[in-house]
Structure formats: C-alpha cells, structure tokens
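In the order they appear, the protein sequences are chains A and B. First residue of the first sequence? That's 656 in this note's numbering, and the numbers climb one at a time after it. First residue of the second sequence? That's -14 in this note's numbering, and the numbers climb one at a time after it.
If you're looking for bench data, these hints aren't it; they were derived computationally from the structure. Nothing here was measured: the structure is a model prediction, and the numbers come from that model. No residue lacks a Cβ here, since even glycine has one placed at the ideal position from N, Cα and C. Heads up, a few of these hints could be off.
Simulated pairs of lysine-lysine, DSS-like, Cα-Cα distance not exceeding 25 Å [as the list claims (entries may be wrong)]:
{"#": "1", "chain 1": "A", "residue 1": "LYS771", "chain 2": "B", "residue 2": "LYS425"}
{"#": "2", "chain 1": "B", "residue 1": "LYS425", "chain 2": "A", "residue 2": "LYS726"}
{"#": "3", "chain 1": "A", "residue 1": "LYS768", "chain 2": "B", "residue 2": "LYS425"}
Just some of the chain B residues that point at chain A, by a computed CB distance under 8 Å [claimed, not checked]:
{"#": "4", "residue": "GLY136"}
{"#": "5", "residue": "THR138"}
{"#": "6", "residue": "TYR434"}
{"#": "7", "residue": "PHE444"}
{"#": "8", "residue": "GLN446"}
{"#": "9", "residue": "GLU704"}
{"#": "10", "residue": "PRO707"}
{"#": "11", "residue": "SER800"}
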Amino acid sequence: MIKVSNLTKEFLQGQERTRVLKGVDLNIKKGEFVAIMGPSGSGKSTLLQLMGGLDVPTAGDIQIDGKYLNKMSEKERTIFRRQKLGFVFQNYQLLPTLTVEENIAFPLHADGKLTKEKNRVIQELIQAVGLEGLHRKRANLLSGGQQQRVAIARALVNSPTVLLADEPTGNLDRANAEEILRLLTVFHRENRQTIVMVTHDIFAAGFADRIILFRDGGIDQVVSREEGDYAKYLANFMA
Amino acid sequence: MLNIWRISWRNITHNKKRFFFTLFAIILGTSFITAMLVADRTTRDVFNYYTDMYVANADYWVLSDKHTYPEKMIEPVQDDPDVTNMLLVLQKQAFFELEDDHSLSQRSVRIIGVSDQNSPLLVLPVIEGSLDNKGVILPKTVATLLGKKVGDTVRFEGLGEAKVSAIVEYTQLLASPSDWDSAESTSFRVLVPLDMLREWTGKHDEISYMRFQVNGDGKDLFHSLQQQFRGSGVFIQPVVADDLQNNDISGLYTFFYIVAGLSMLVSGFIVFNTIYTSVIERKKEFAIMKSFGYTQRSVSKLVLIEIVLLSLIGTAIGVPLGIWLGDLFMQELLSMLQFDIVYTLNWRLPAIMAVTVGVLFPVLFSLFPIYHAGRTSILLTLKMASQSKGSSRPLLIRAVVGLVLLCFVFIDHSVTYAAVLAGVILLFPLLLAGLSRIIKPVLNFLFHYAGSLAAKSLFQQINRNANTAAILGIGISVILLLGAVVESAPEGYEQEIRNTYGGDMRLTSEAPWSTEDITKLRSYDGVLGVEPLMEATPITWETVDGVSRQFSVFAVSEDGPALFADQHEEKLYNRLKQQNAVLLGERAFDEWGGEIGQSIRMNTPNGEQSYEVVGVVKTSHYSGYVAFMDEERLKEEFGWTKGFDLLLTVDNEAASSIRDRVWSDFRDHLSKVQTVEDEIESTTSTISGMNELILMLLFMIIGLASIGTANTLLMNTLERVPEIGTMRALGFTKQQVRNMIIAEGLLVGLSGVIGGIAAGLILIYVTSQSELMDGFMSFKLPYSNMIMAVISGVVLSLCAAWMASQSASKIDIQSSLKEG
Ligand SMILES: Nc1ncnc2c1ncn2[C@@H]1O[C@H](COP(=O)(O)OP(=O)(O)O)[C@@H](O)[C@H]1O
Ligand SMILES: [Mg+2]
C-alpha cells in the first residue's frame, strides 16, 4: 500500500551537502499502525514529510496506493495530499482565526464545496473526538489536548488512505497523551485506518503493530507484535 | 559608534522585501515633496523673472490719460541731472499685411516705437539677429506664426514695411497670441525704432509714455513733477514690480503644499506601519537586551538609528528623483498655463528643505513605535508565548469617536476638514468589517474558499489593515476635493464674469472714444446699448505694510454698467458719490491688508491721495485685483478724464458681424475687441487644463498608497508563515494561497476606494455648502475622477497584493511547520 524504496534525501546547507536519509526501504500494509522511533535528528520527520508529499526526495521512490508521489507535479501532490492524506503535528498547527468546525472542514473546503454528507462526517468526528459543544469556539482558545483532538479530526475528515502523525503527543502531558493515543487506536481498530506515527515515547510506540527503529538516516531494526520478542527488542533498543 | 550603525543596517535589511517597500515609500514621499517644493520655487521665480524683466531698470514713468502727449511735456525730466536713462515710447495700433487670409481682428498689431532698443530700461532676450535700431523686433511666437525670419520683410497696412532685425524670447512688453484663434481677441505686439514709427504716423513730437531711471530714490523729482503735471492729463507713476493684475496663481501654491503634505502623510504612515510591526515582532529581542542591562533609552535609540538610516537612504535617492520629477511637472504646468516661456529650475533651496523634511518625517511618524520599543517589559514579554487577543472595546471606541467627528459636517469652519478626515480614518475598521461581510459572496465566487479565508484573516490585524485602507482613502478624498474645486471653478468664474463684465462686448481703443463714435455704434443693427467705461491705469498704491503695488481704478455709477456684484450695491454707489472713497475687489482687498473704514494711498494723476475703503466687492475684472470709484470723482478729484473702452450690449446672433464691422469702421484706433464669451473662454481654459494635472496626482497618490498596501499585505503574510505552511500541508495549492492574499488586497483596496470616495463626497458637500466659499462651488459628483480612483485604486491594490502573494506562495512548508 505504501512502498518506499531506496529513499534518499540530501539537504544543501550553504556549500555543504548533508545526507539525511540514506536509501530507506519500507513497506506498510493497508490498515497497519506503524510507529517510527529513533534519536533526535535521525531523519524520522524527514521520512514522514516525504511520505506525505510535503517535500521531494533526492532519489528513490514513494508509492502510495500505486501512485508515485515523487513523479507528481507540485500541484498534483497538493491535491493528492488533501484527498488522500491526513496530518497530525506535534504543535497541532490549527488555524487560529478559524473555529473548531472550520478547522476540521478545512481540507474539504480546500477541495471544493461542502456537501450535506460531508457536513455530517464533520459532526460525527467532533463527537468521536469528544468536542461536542465546542463547534463554534476559536481554535486558539482551546487547551493543548483539545487542539490535538481537533487536529486528529481534521486529519481524518477526508477519510485518508494514511494518517501521518509526527510526535502527536510530544507537547502533551500524560493524561492528554493517553487520550490522543486512545483515539488513534480506536480509529485504527474500528475503521482499519492506516497510521504512521513518529514518536519519542516508548509508551506511545507500544500502541503500534510494528515499530521501526530509526538511526542515522536509515532503518536499524523492525520489531513486530507478532514476532513475540517485541518487549525484548524494545528493552534492548532503549538500553 | 560605527558598530551600532552596522547593527542597525543589519536589522533593517533583515527582511529584504519589507525594507525595500518602506524605503520605496520614503523615496516616493520625499520625491513628491521635493517636486512640489521645486515647482513652488520655480513658478514664483518664473513670474518674478518676467515681472522684473518688464520693469527693467526703470524707476518712474510719465504717462497720460490720452493716447499720446507732446514730447515737450517731459522737458523737466530731460533737463534733470539725476536722470541717468530715458526711454521714449510711442504706440500705434495697426494691422499686419499678410498673404494668407485672416480677419482684421486677427491681424491687429500694436506697434511699439522705442527710442533705443538697447536701452537699459528694456530687456530683450535676443534669440536671433541683433538690436540694431533699424528694423522690427518680433517675439518668437509671432515670428513662428507669421513664418518670418531675421531679414524678412514685415508689412503694416497703410503705414509701411521694415525688415526683421531680431527675434526675441517671450517678454511681457511683447506678449502676443501664439495661434490665430487667440489672435481673434488679442493683439500682436512688435517693436520698431521710434523714428520709424514717427515717420509712418507723422507724430513727430508726440509720445505715449516715457520711462526713466534716476540716481538715488528720485523722490524729490517725483513730487515736483507730480506738482507740475497736475491738471494737465500727464502724470507720473513709480514703476512697480507687480504683476498680480495679469495672473492669479496664488491658488497654485496652495495646491503644491496640499500635495506635498498629502505625500508626506501617506508615506509617513507607511513608515509608521512598518516600524510599529517590526517593534512588536522584536519585543523578545528588546526584552533580552533590557535583561542584559540596556536602558529604555538605548533600546529606543537603536530603533531611532534604524529609522534615521532608512530615511537618509530614502532622502538621498528621493531628492534627486524629486528634482527630476519637479522638472517634468513644471513643463506640464507651464504648457498648461499657456506661457510660451523658458524657466530655470530652482532646486537648491527646495532640495535643502526636502532633505530636512525627508529625514525628519519618518522619524516623526515613528516616535510612537520608538517609545513603545523602549517600554518593552522584560517579564511580560519573556513570559508570554503568544500575545493574547485584544478585546473589541477599542474598536468600538474608535468607531464612536469617528462618528462624533463626522458630525462636524454641520459646522461651517475650516476645522471641519480635519475633523472629517480624522473621523473617516477612525471609522475604517468598521467599513472594512462591513465591506468584507457584504462582498463575501463575491469573493467566494471569485476565489472560493480562499476568498472567505481572506475576509477572516483581515481581522487578525484589523487596525493595521484598516489604517492601510484609510490612508488610501484619505489620499483619494483630498484629491477628489481638489478635483471638484478645479472642475467647478470654471462654472464659478463664468458666473462671476457674466455678472460683472458690464456688457456683452468690450471695445478698447488707443485713443479716447468720441461721442460721434458712440452715436455711430448705437445705430448698428444688433447693438442694444453702448456704455463708456473708464479705466485709470496704471495706478500705484501702497499696502498697509507700505509695499508699492499697482492696479486699475474703474469708474462706476449707479446707472452705468455693473462692474461688480454686491448685495448692497445701491448703498455703496451712494457712499462713493458722497465722499472720496473706493471699493476694492476681493483680491485687492486681501493684498492691501487693511480693513473697511481705513484709507488706501494712491498716486493719482492729481498727485498722492487717500481714499477711504468703503467696501469689498466681487468682480471678475483682473480677478478682483482692482478698485472702483465714482465716475465724477474719478474725473474731478482723481484727475482721470478719458475713456478708452466701451461696453456694448448686443444681440447674441449679431456678435460676430458687429465684431467685423467695428474693426473696419474704427480701424485707425481700435486695439481690442473682446466678447464676454472670449473672456470666459480664456479664463476657464487654463483651469480646465488643471484637471489633467489632478488626474496625474490622483494616480501618483494612489500609487504611493498602494506601496503601503503591498507593505501591509507582506507583513500580514510574514506573520502567518506557520499558518500558511499548515494550509499548504493540508492541501491548499499555491494558487489558492495566492488567491487568498489577492482577495485580502482587494478588500483593503476596495474599502480604501469606497471610503475615500465617500469621504471625498462629504468634503465636497461641506465645501459646496460653506458660507466661506460663498457658493463658489456647487455639489456635483466628480465622475471622471471617481472612475479614475476606482480603477487605479483597485488595479494598483491588486498589483500590490500580487507582489505580496508571490512571497506567500514561496513559503516553504517544512520549515514553516518546524517553527513554534
Ligand atoms: N530543511 C532542512 N534543511 C537542512 N537540514 C535539514 C532540513 N530538515 C531537516 N534537516 C536536518 O536533517 C536531519 C534530520 O532531521 P529530522 O528529520 O527533523 O530529524 P528527527 O525528526 O528524526 O529528529 C537533522 O540533522 C536536521 O538538521
Ligand atoms: Mg522530528
């Protein structure tokens, strides 16, 4: 479903070329919940951004639903993003002048007119993330946990092929983090929603089907729930 | 010290585009101010130059109230040892003899015979040929119109012929029409040697006037001559450099200053917007500086130096640019004033003034942000991650105060203008809010969701956006008012001319009219009435401050033609009859500087006399730079006995045939035939030309204000980098982001245009209702200027928005998401 092969990314900084991703190969199945873990600066966010079409790779291919992201034009990628992808960011990135409802509706608005059917989806999502009664509230007046719940609803409003989350719990306290993770698991279990989540948090990673351990621009180890040695590898990695 | 300047330079150029826009605003502002100052100085110079040229070195002249007087009358002058130079002049009205077919009125020419073409009392700037005292001297316009060169022969009907010996630049002495149309109602003027003209006319012992120069002030000679000439019809006048009778351009200077002030306001405001925003952005930086022990003053100083640096660069570029613009403007202006004249650009003093103003005004407009920067609180700033949103209370107060100020509309005072403008500025947030609601469907239709977002995001910085629109609005409204004044001026003048011209046609002769002439004219078909008109000229007088001036004194009587308009005409005629009194035209009264009841001192043919000023009246004659006196008293006490003008009341259809007939019947002494229509035409055509200039200025000011729009939109964009990045991440295309910014620009521009037109109409209404303006202006919609304002306002705002949108669409998604 998601096929990443030989993905390479270099950044030019002044005269210097730094290779942030060094030929990453990765396959993610439909309905899978994958966590990417690794030290800071190892290239996790870069990988996620490339998978989300926010940037283009230096070399290699990214295929989502049979379409090559790296072969699309800027505009095609943008439209692909709003129709097929959902994003959740560490710092929520809500649009401060818009209300909760309007924030959630944003990807739909960008794509065209709102239909009755789509409006119903929005209301259901607001219910699902537990923000009833806050429809009309301005986004910048909410608490961090509430904002991230809006962000999740926004990411799911277009029924994305894949939900990409970059440290969604990074700015939250334990209770709020658990609530967000619970929501993600619910959408994963009940709707078979494909999720790729970058995280620092071993607790958060524990919710995933598969954990990809990232180090220095490449995949170091892959640990699956089915393989049984999940806990062992994790402990290993942490040490 | 060098260090702080270098830091400042880094700070102001940190944001390249904003630096560029702000600098551009200062450059344009300074250059417009410079251009206006240059235009002001140069225009004054031009008029002074020609007045001085006309005066030359002459101190006094001896004239008479007849066409000519015997040369022997001036023997006392010729014999006086203090007299250093003399110029004897004889004038004769004649007609060119031409190959082409032209009417008598078109061919009429005043031949001026002078005793010495090289006299220091004459200034003749020669272009071609030489002043050899042998031939005819033509001003350039006449030479061009007649197709004559030096050495060609010019023939005068019934007099003789002479070769052209020189062609000279424009001078007042030889002021001539430059095309055949205007030749219809004005004479050409050419210069010939006195002897030649005497030969042609047989007037060997006569002169029209003589001018002379004396050692010292010549007061004694003046007074003794005044005594000697008394009662003879010959009189002496000092030569005074005063050309106000021939031009009324004081309004022009006001115009220059309004435009300069407006440019300063608009660009100063752009500076304010930028500096204020940059100070807010850098609060954290200032807080850190303060926590390291910088004082309030040193933080303010840092910002101050940045602004001084900006304005120094702006002025260095703006002033030279302004001098060049001023030159362009002068060319346009003088060609519009129909002066075929050369000018030297006076730029030194204006440049110095502009440099001063150019450096000071940005600082002045930044004082508040500078103070604000210094006052940054360390704790509050470092603690607060994001600023809390302000409440809507201040906006409400702003609107209420704005409405109150608008109520000044009902008060007839010059303060009203400032109050209305301030009120409109305060009401702009309301206008912007209202407008964005009203045209939301349109924006939605044009730009879809990006349009709705634009309306929302404008509210994030409602004050800044409203101020930006306001400044565009103020520019538009003031120019609309100027335009309306200029546009309705012709109508006002036309009205005034018709009311006070005194007839339908004015005949001027070089010799006094006889009763036979008048009887003959009365017998013409189509002539309904003939009234003599007496104009004593030139009469020198003194302002309250003792400055010498000169104008004409007209004779009036209750049963004579109406030369002025006043509500209490009857009473005024009576007062004039009962005592030695005069009425002054409005402009003369203003220039005189006294009050009704005071006396004005004049040099009359009967010597120096004082006349009580008993009233100020409206008149079109010399645009009000005249005096009126009772007819009998003008003859008796004043000593002016002859009339050279007649005012005819005629049938409209017969006007042109009467014109032809008088030219042939009185060809030996008629010098000018002017209808009231000619006078209206020549007065109003100049003013209509001003309209083009107004449109040009409208465009310039809107252009300047649009730089402000671009700057504001750019700031809006840069502040929202993370937001715009998010929008892009969520699937907004670059085009949608651009549309959003363009829609914002459209909103700002449209509300500026709409508010500006509304404010302009209010100002025009106030002006038309004002007692101060005396019904000079009627309330009319200035359509052409309004259309121009809408088109250029919207188009230039869109250009500004387009520039800002380019930056917005270049925002890099990943880096914008990383922040925060
Ligand atoms: N736009 C960029 N330009 C230059 N270097 C970048 C850019 N984005 C990321 N990097 C570098 O790439 C490396 C990986 O970054 P990132 O993917 O954000 O790491 P992680 O999310 O694993 O902490 C870091 O060293 C970072 O400095
Ligand atoms: Mg990261």
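Okay, the hints, checked on the actual structure:
no.	hint	verdict
1	A:LYS771 x B:LYS425	21 Å, holds
2	B:LYS425 x A:LYS726	38 Å, violated
3	A:LYS768 x B:LYS425	15 Å, holds
4	GLY136	77 Å, violated
5	THR138	81 Å, violated
6	TYR434	4 Å, holds
7	PHE444	7 Å, holds
8	GLN446	11 Å, violated
9	GLU704	11 Å, violated
10	PRO707	7 Å, holds
11	SER800	10 Å, violated
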